[in-house]
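Number of protein chains: 2
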Amino acid sequence: MTRLTLAIDAMGGDFGPCVTVPAAMQALASHSQLHLLLVGDPDKITSLLAKADSALRARLQIIPAESVIASDAKPSQAIRHSRGSSMRVALELVKEGQAQACISAGNTGALMGLAKLLLKPLNGIERPALMTVLPNVQRGKTVLLDLGANIESDSALLVQFAVMGAVMAEEVLNIGHPRVALLNIGHEETKGLQSIRDAAVILRESPEINYIGYLEGNDLLTGKTDVLVCDGFIGNVTLKTMEGVVKTFLSLLQSQGEGKKRAWWLSLLGRVLKRRLAKQFGHLNPDQYNGACLLGLRGIVVKSHGNASQHAFFAAIEQAEQAVRQQLPERIAARLETVLPKSD
Amino acid sequence: MTRLTLAIDAMGGDFGPCVTVPAAMQALASHSQLHLLLVGDPDKITSLLAKADSALRARLQIIPAESVIASDAKPSQAIRHSRGSSMRVALELVKEGQAQACISAGNTGALMGLAKLLLKPLNGIERPALMTVLPNVQRGKTVLLDLGANIESDSALLVQFAVMGAVMAEEVLNIGHPRVALLNIGHEETKGLQSIRDAAVILRESPEINYIGYLEGNDLLTGKTDVLVCDGFIGNVTLKTMEGVVKTFLSLLQSQGEGKKRAWWLSLLGRVLKRRLAKQFGHLNPDQYNGACLLGLRGIVVKSHGNASQHAFFAAIEQAEQAVRQQLPERIAARLETVLPKSD
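Line by line, the protein sequences give chains A and B.
Under this note's numbering, the first residue of the first sequence carries the number 1, and numbering increases by one thereafter.
Under this note's numbering, the first residue of the second sequence carries the number 1, and numbering increases by one thereafter.
Any copy will do: because identical chains look the same in the list, a pair fits if it lies in one copy or spans two.
Within a straight-line C-alpha distance of at most 27 Å, the following computed BS3-like cross-link-like pairs (lysine-lysine) qualify:
hint, residue 1, residue 2
1, Lys74, Lys95
2, Lys247, Lys224
3, Lys95, Lys120
4, Lys116, Lys74
5, Lys116, Lys95
6, Lys44, Lys74
7, Lys74, Lys224
8, Lys74, Lys120
9, Lys44, Lys95
For the record, the hints were derived by calculation from the structure and aren't laboratory data.
Owing to the predicted nature of the structure, the values given are computational and were not obtained by experimental measurement.
Just chain A, with the same shape it has in the complex (with noise of 0.2 Å):
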């Protein structure tokens, strides 16, 4: 494995260096061949660093940013001030060649306006999505997407969305002649939107596409499709709403049984039996998946959720780490060739 470098907006999200630093010790620790660029205020950095081994702080290099993206802050307004923030310095390492990826918990909307600015998209796509590899029941992967990218989106984009999620289904989960499908509120052709149901008459038209029609929210773990594809506001919502759940069942499950007084067998058993639960369950926790990959872009930018505690931000860096191992821009890019229509 060869040397890799990742830029962090260290400033980004809910709890900025609290916890982007731990996470970048994690990642550094986890992965020998990893250099990292925490980009933010370098006194807040240093002083999360201050008992940090030694060994891998010699991976890591502070690039000093003036300013942080609020969280709140209207997007477009946002990217018209955004010279000297975090957010805009590690994108612009990537731009530079410096770092091959950049990760944010920052606010979406200025990373992605951000990201197209300065990374341009791929032949084709007019604008990027943010996807997600999803756990399904099957044991199998489905990938999911737009996750708020783009908050409307007509049949062109969604077609565009169907078309780079299946390339990611075939060349990075290796999954052959992946199985693409529309989110949608029935299986029925008249349900929905119009933009859904003209990108389904397109897909249906696509011989590059397996599409296989439209599947519902409850769908969305079954393992039904490999591809699922929606706007950014459905994504957004179903994700979260999904995660949501989840962790309420994950959480029901710790607390389960607690307070009550129990023989010591009775509980120690009970407490066997739900660490064997919480495991079988623990692959769909979503701290084990966060980060949304923002596709369609000559460059890879990785999205935390902003609330992301050091675990899941550490996924997030490992996502960006896989996605530069797997060369994804390229490979999207090659096969987009060959699947878009000319636009000549």
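With the hints as your guide, set chain B onto chain A.
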């Protein structure tokens, strides 16, 4: 308790009379004051009643209907050709006062359109909304609407949904000064669709509504609000996503450890503990609260999931029965008069 008559579209849904007839018998057995009008093909219904208890059978009447509206029919066309269909006849029974509510698992769009046509919206309501009451982890209840009656909703509609949801929470669930939130993709004011941002502005300035801001999908079950408002497309996807995840968990819980060889006492204890967990999670099981109430009409209509099981369809009948006892339309109408702006 006084006698109460409900009309059931016996032919609607994926399984038609195979589900609706046994569910009807179950409802009759549970509610001694209940009378049911089963609307549909008399032959099919009768054949399923062969072994029915005659005392229960005496409180059931078959109302013949010639046709069924297909689940995949285009609503506008289905409504045009709806005369004599089981769904329409069931709604007409409510209109004519022969039944106090109607339950159908049939085509949502057609049910919504026909119900509006026959039962008319309340003053101040442009379009009715599908509403359900979800359990939350604080052992409270959350009113969620719209669930698919209106796939696109402008800000005025969202505000009407908010008002109806608040009335429902206050009058029926006895929640004083219920909190109302809009479902969005972020907490910040700048986030989301224009219709949602516009509705937020109106709600913030409505003294009658205890508007608390935006919530995200992961707050569906957390009990942070008493009423959660969204357009029908989002609501449908969110609810189905939640149901899919809950069902996934419950089935994993059921199958956990099956097929493994274990000491008999360990297996037994495992089963006991799993049953306890299933019981604890049972209140989140979608089958327990199947049935969405169409709010905003001068009559009660409950929409069941198309793929409802007998138990789930039974829950929908019970929901209609409760809505009648609670005089839902009358109470909403009375409150709307004080809350909504006068339209003269």
